[in-house]
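Assemble the complex: chain G is given as a structure, and chains L, V and R must be docked to it using the hints.
Protein chains in written order, with my numbering: chain G, 1 to 163; chain L, 1 to 163; chain V, 1 to 163; chain R, 1 to 163.
Each hint should be verified, as a subset may be incorrect.
The list treats identical chains as one, so a pair stands whether inside a single copy or across any two.
[As the list claims (entries may be wrong)] Each computed DSSO-like pair below joins lysine-lysine, with the alpha-carbon atoms no more than 27 Å apart:
id : residue 1 : residue 2
1  : K38       : K144
2  : K136      : K123
3  : K6        : K38
Calculated from the structure, these hints are not laboratory results.
Residues per chain, in single letters:
4 protein chains.
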Amino acid sequence: MKVPVKVEARKQIGVIGAGACGSEVRTLAERVGREIAKRGAVLLCGGLGGVMEAAAYGAKQEGGITLGILPGALREEANLWIDIAVVSGMGHARNALIAQSSDALIAVNGEYGTLSEIALGLKMGKPVVVVEPGWKIEGIHRAKSPEEAVELAFRLTENKGTY
Amino acid sequence: MKVPVKVEARKQIGVIGAGACGSEVRTLAERVGREIAKRGAVLLCGGLGGVMEAAAYGAKQEGGITLGILPGALREEANLWIDIAVVSGMGHARNALIAQSSDALIAVNGEYGTLSEIALGLKMGKPVVVVEPGWKIEGIHRAKSPEEAVELAFRLTENKGTY
Amino acid sequence: MKVPVKVEARKQIGVIGAGACGSEVRTLAERVGREIAKRGAVLLCGGLGGVMEAAAYGAKQEGGITLGILPGALREEANLWIDIAVVSGMGHARNALIAQSSDALIAVNGEYGTLSEIALGLKMGKPVVVVEPGWKIEGIHRAKSPEEAVELAFRLTENKGTY
Amino acid sequence: MKVPVKVEARKQIGVIGAGACGSEVRTLAERVGREIAKRGAVLLCGGLGGVMEAAAYGAKQEGGITLGILPGALREEANLWIDIAVVSGMGHARNALIAQSSDALIAVNGEYGTLSEIALGLKMGKPVVVVEPGWKIEGIHRAKSPEEAVELAFRLTENKGTY
Numbered sequence: 001m002k003v004p005v006k007v008e009a010r011k012q013i014g015v016i017g018a019g020a021c022g023s024e025v026r027t028l029a030e031r032v033g034r035e036i037a038k039r040g041a042v043l044l045c046g047g048l049g050g051v052m053e054a055a056a057y058g059a060k061q062e063g064g065i066t067l068g069i070l071p072g073a074l075r076e077e078a079n080l081w082i083d084i085a086v087v088s089g090m091g092h093a094r095n096a097l098i099a100q101s102s103d104a105l106i107a108v109n110g111e112y113g114t115l116s117e118i119a120l121g122l123k124m125g126k127p128v129v130v131v132e133p134g135w136k137i138e139g140i141h142r143a144k145s146p147e148e149a150v151e152l153a154f155r156l157t158e159n160k161g162t163y
Numbered sequence: 001m002k003v004p005v006k007v008e009a010r011k012q013i014g015v016i017g018a019g020a021c022g023s024e025v026r027t028l029a030e031r032v033g034r035e036i037a038k039r040g041a042v043l044l045c046g047g048l049g050g051v052m053e054a055a056a057y058g059a060k061q062e063g064g065i066t067l068g069i070l071p072g073a074l075r076e077e078a079n080l081w082i083d084i085a086v087v088s089g090m091g092h093a094r095n096a097l098i099a100q101s102s103d104a105l106i107a108v109n110g111e112y113g114t115l116s117e118i119a120l121g122l123k124m125g126k127p128v129v130v131v132e133p134g135w136k137i138e139g140i141h142r143a144k145s146p147e148e149a150v151e152l153a154f155r156l157t158e159n160k161g162t163y
Numbered sequence: 001m002k003v004p005v006k007v008e009a010r011k012q013i014g015v016i017g018a019g020a021c022g023s024e025v026r027t028l029a030e031r032v033g034r035e036i037a038k039r040g041a042v043l044l045c046g047g048l049g050g051v052m053e054a055a056a057y058g059a060k061q062e063g064g065i066t067l068g069i070l071p072g073a074l075r076e077e078a079n080l081w082i083d084i085a086v087v088s089g090m091g092h093a094r095n096a097l098i099a100q101s102s103d104a105l106i107a108v109n110g111e112y113g114t115l116s117e118i119a120l121g122l123k124m125g126k127p128v129v130v131v132e133p134g135w136k137i138e139g140i141h142r143a144k145s146p147e148e149a150v151e152l153a154f155r156l157t158e159n160k161g162t163y
Numbered sequence: 001m002k003v004p005v006k007v008e009a010r011k012q013i014g015v016i017g018a019g020a021c022g023s024e025v026r027t028l029a030e031r032v033g034r035e036i037a038k039r040g041a042v043l044l045c046g047g048l049g050g051v052m053e054a055a056a057y058g059a060k061q062e063g064g065i066t067l068g069i070l071p072g073a074l075r076e077e078a079n080l081w082i083d084i085a086v087v088s089g090m091g092h093a094r095n096a097l098i099a100q101s102s103d104a105l106i107a108v109n110g111e112y113g114t115l116s117e118i119a120l121g122l123k124m125g126k127p128v129v130v131v132e133p134g135w136k137i138e139g140i141h142r143a144k145s146p147e148e149a150v151e152l153a154f155r156l157t158e159n160k161g162t163y
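Chain G on its own, in the form it takes in the complex (with noise of 0.2 Å):
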């Protein structure tokens, strides 16, 4: 046993974008994930299948921590690729602790519940950027790749970071 040092809190990204997915936007949101966990925030997602697994997916490879919170009320709904899960049990409502929860929002294909999020974290006046293409919502940030999309949220959030 040691006294620790005050715990650094690292950023918090969220990924955002539908359940089920083709193989290129799988492959954008992998791109998204890695970016994140290279920079060594946490990636915060909605825990399920489609781009939020493509996204945990990505991270884990570049050993980087991710963070489900989950619609259901059973843990293992999470995909493989979730480290700590967050079981909600509360349904949609969930996606408002999602937006809550992250330094910013980065969108990747999507659609309602992925636009319900994206009006959220506005609402709250979180940076959310959109990887083209997507959902044109005015206020949003748009991003050509994945990794121009991390930089642009880290970037959004620097002075936001230390807590």
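For chains L, V and R alone, kept in the frame of chain G given last:
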């Protein structure tokens, strides 16, 4: 005391929109509320100001019942025209409850919070009607007037009215 | 159309208890519901079976208004005597909304779910009345009959009734 | 970049207790946290002060990982020893998430908030261990020391550890 007849569940129509608005939007919301009450449905909203207050005011003009699902932890935050208050204390996550508890949603103006409710409603498969102008999202129904919006909301929930 | 008078917010009294119960407990819950309605308050409950159903049934016998805050995502899960349903879709976390939305809580029998609502109510500073027998927790008020419990609940919220 | 090995989900042990406490209780909580980290589980708590802070501090002494599920809307409210913060913004309703996300709960002292978490945990079928003295509720396991409590929590979740 007498044996009651089984409650015939009224439709619950959610009205969503900005918490602060000008008189033009206010009038639109009031007309939406009046029309909902005339048709015997419960008006459901977020319970605060702006569009929410105007719609509830309209409903009370016609003797309707109003339900407000508040984000905060104090019932006193409800506007003056709310009959029944759900004091959620859960912030933005309450938007999901508004969408989930409504048979249909009618949006009057509104910003990111409203957009999140529209998206959640669409995700849940609820009919969403926007009084023009307003958010343009694929899957939304559009109406040129408050009365047309309510008419549309009722039509789209026709086979779901009895429970 | 006429200008409505400001809503005089009714008290909202929460009735909590097991989702399945025998006829003796059922009768107690029904009497609680009747007494709440007679006094003009809204009966709030979890919207399901057992004590929740019996209390709502009692309230409807006296022409009261009943609000059910359901754990699931389907309004159809509400019992037959619920006028207005909040479809929370948030599972056990909805217990906090029942406590927060009630001016006072009355517990009839009940197990761990009820205990969680009692504890949340006490934490929030709400009066909690238990119809004997029932959970024994410091800070709870105890009543020998349903009528006494409702009488007590009203007395303990006397100065909080108008908003 | 390399292909990661499937995450071996760690146990998540929730520590619950009052948000303010004296040094004796503080020491108990710290010992609980140390023991949880020594055994390789994630320490989950409400992220605030008192027992939550002491337990997280203990876990960090042993190099553990700490997860805080905060009631408020600001990550800055987390205590200094929280690695990963879920910023729920949903007030007391977050207690349900703490219970649902924990494989087992360990209570150290605590008042009504803690009691609500104990009750929710029991309702969800989770093992709940109380470090003596503390709430006496049927169905709870009791332990004479922090170390015994953690030992018991691990034993009671033995067959649930792999996912």
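How the hints compare with the structure:
no., hint, verdict
1, K38 x K144, "within (19 Å within a copy, 44 Å between copies)"
2, K136 x K123, "both (16 Å within a copy, 18 Å between copies)"
3, K6 x K38, "both (22 Å within a copy, 19 Å between copies)"
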